Amino acid sequence: MSELTLEAVLADVEGMPSLPTVVAELIRSLEKESVSVDELVAGIVGDQALAARVLRVANSPFFGIQHRVASIHDAIVVLGFRAVGSLVLAASLTGYFVPPEGSGIDLAVFWRHGMGTGLCARALARHCGLEAETAFTAGLLHDIGQLLLVTARPVQYAEALAWRDERDCPMREAERSILGFDHAQVGRMVTERWRFPSEIVQAVAHHHDPIQAEASGYADVAHVADALAHGLDLARDARAMVPRIDMDAWKRLGLDERGLTEMLPGVAREHESYCALLSA
Amino acid sequence: MAGGVKMPIEQVRPGMCLGEALRDANGVVLLPEGTVLGESHLASCLRRGVAWVVVTPPDGEDAPDETAWREAVAARLARLFRHGGDGEADRVLYQAIFEYHLGRMP
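Chains as they are written, first to last, in the numbering used here: chain A, 1 to 280; chain B, 1001 to 1106.
Quick caveat, the hints were computed from the structure, so don't treat them as lab data.
Treat the numbers as computed from the prediction; the structure is a model and nothing was measured.
Treat the hints with care, as some may be off.
[As the list claims (entries may be wrong)] Short, incomplete list of chain A residues facing chain B, as computed with Cβ under 8 Å: (1) Ala8; (2) Phe63; (3) Gly254; (4) Glu257.
[Stated by the list, open to error] Listed below are several chain B residues computed to face chain A (Cβ distance under 8 Å; list not exhaustive): (5) Leu1022; (6) Leu1046; (7) Val1050; (8) Ala1051; (9) Ala1068; (10) Trp1069; (11) Ala1072; (12) Ala1078; (13) Leu1080; (14) Val1092.
[Claimed, not checked] Beyond 10 Å from chain A on every Cβ pair, some chain B residues (computed): (15) Glu1020; (16) Leu1030; (17) Val1036; (18) Asp1065; (19) Thr1067; (20) Ala1074.
Note that CB positions come from ideal geometry on N, CA and C, so glycine has one too.
Given the sequences, and given the hints that come with them, work out the whole structure.
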């Protein structure tokens, strides 16, 4: 097997199909204060399957809305534009990569962990005064590099997965040993290609080493959220392992046991609702 | 629904009986309620990444007592935290999660 280089993976990333217009617009809207809500609603409604999945979550018991939300427009009125934007991004991006059959990554488990990390990140961001939806998206996508690799390079990635299973070690360690680079580096390429704001790119690139991030806030959040989501067992993954937490990131977030304890039940309830986005 | 004890898959032994149907992420039934679990079922659960199942309590036990639940949670967290650190942040996170799971005793 020829050696896989980061340059070859970059070519894979550059060759990825474009995102749907509405999703690209939503990503751009993360950096703008004012966006054309009408245009976005039109874009979302144009994709009926996407709109239906978003409405299913908006109508789940977690949101506690008394009357059924029947349209995307109603959902925006009730939940707010940014929250609906996050739902649409999540519903769309979770269906973007389709790894080949038998690739060794269970997509449902992968996205249950992504959703869990996104929701933990959102709760942590509220605790420490960062923008909640940016944190949600960073958490949701923190491991996206794994999906690019297993989709574009399933044979080489299968080796890394086997190495991980044999040693029961973190995925990142297996990737570095077998491929010479890791999913966080690839995640950076993917989020840059999708033109996410730099806070999200940095958080995805440095969720394992937040000290290396250019601006650490969202990387700290993604780092701790990843550990929290694994600890809560949200993905119900028998292989899951809670990573060691960087003490500096922890201190910067100003977390204590009481703050965490108050956060956990809400995150777990939200997770049940958001996972409704994952079924077709 | 027969109900039963929620147990980490690592603690389930062949011969135990499912108290609730085991479903995948889409709600599709993988094993129906009442299935007597054999070695092959348990191996398949591990392969699929199933972390918890609900099993019928043994005769004479209606519900798990707190000690049994505490032990079950500790066993699952020991598995999840097997590569965790031992700094203050790791300890606080473990404790908060432990208390959270204790409060969810079925």
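A quick look at each hint next to the structure:
For alanine 8 of chain A, the suggested interface contact is broken, since its CB lies about 30 Å from the closest CB of chain B, more than 8 Å. Interface restraint check: phenylalanine 63 of chain A against chain B, minimum CB-CB distance 20 Å, threshold 8 Å, status violated. For glycine 254 of chain A, the interface hint is violated, since its Cβ never comes within 8 Å of a Cβ in chain B; the closest pair sits about 12 Å apart. Restraint check, glutamate 257 of chain A versus chain B: the minimum CB separation of about 5 Å is within 8 Å; hint holds.
For leucine 1022 of chain B, the shortest C-beta to C-beta distance to chain A is roughly 11 Å, which exceeds 8 Å, and the interface hint is violated. Among the interface hints, the one on leucine 1046 of chain B holds; its C-beta lies about 5 Å from the nearest C-beta in chain A, closer than the 8 Å criterion. Restraint check, valine 1050 of chain B versus chain A: the minimum CB separation of about 6 Å is within 8 Å; hint holds. Of the supplied interface hints, the one on alanine 1051 of chain B holds, with its beta-carbon coming within about 4 Å of a beta-carbon of chain A, less than 8 Å.
Taking 8 Å as the C-beta contact cut-off toward chain A, the hint placing alanine 1068 of chain B at the interface is violated, the least distance being around 18 Å. With a least beta-carbon distance of about 15 Å to chain A, the hint placing tryptophan 1069 of chain B at the interface is violated under the 8 Å criterion. Below 8 Å, beta-carbon pairs count as interface contacts, and alanine 1072 of chain B has none with chain A, the closest being about 12 Å; its hint is therefore violated. Below 8 Å, beta-carbon pairs count as interface contacts, and alanine 1078 of chain B has none with chain A, the closest being about 11 Å; its hint is therefore violated.
Nearest Cβ of chain A to the Cβ of leucine 1080 of chain B: about 5 Å, under the 8 Å cut. The hint holds. Among the interface hints, the one on valine 1092 of chain B holds; its C-beta lies about 5 Å from the nearest C-beta in chain A, closer than the 8 Å criterion. With a least CB separation of 14 Å from chain A, glutamate 1020 of chain B remains clear of the 10 Å interface cut-off, as annotated. In this structure leucine 1030 of chain B is separated from chain A by more than 10 Å, as the shortest Cβ-Cβ distance comes to about 12 Å.
Separation of valine 1036 of chain B from chain A is adequate, the least Cβ-Cβ distance of about 21 Å exceeding the 10 Å criterion. Chain A leaves aspartate 1065 of chain B outside its interface by the beta-carbon criterion, the shortest separation being 22 Å against a cut-off of 10 Å. The claim that threonine 1067 of chain B lies off the interface holds: its Cβ sits roughly 21 Å from the closest Cβ of chain A, which is beyond the 10 Å cut-off. For alanine 1074 of chain B, the non-interface assignment is confirmed: its Cβ lies about 13 Å from the closest Cβ of chain A, beyond the 10 Å cut-off.
Checked against the numbered hints above, the structure violates hints 1, 2, 3, 5, 9, 10, 11 and 12; every other hint is satisfied.
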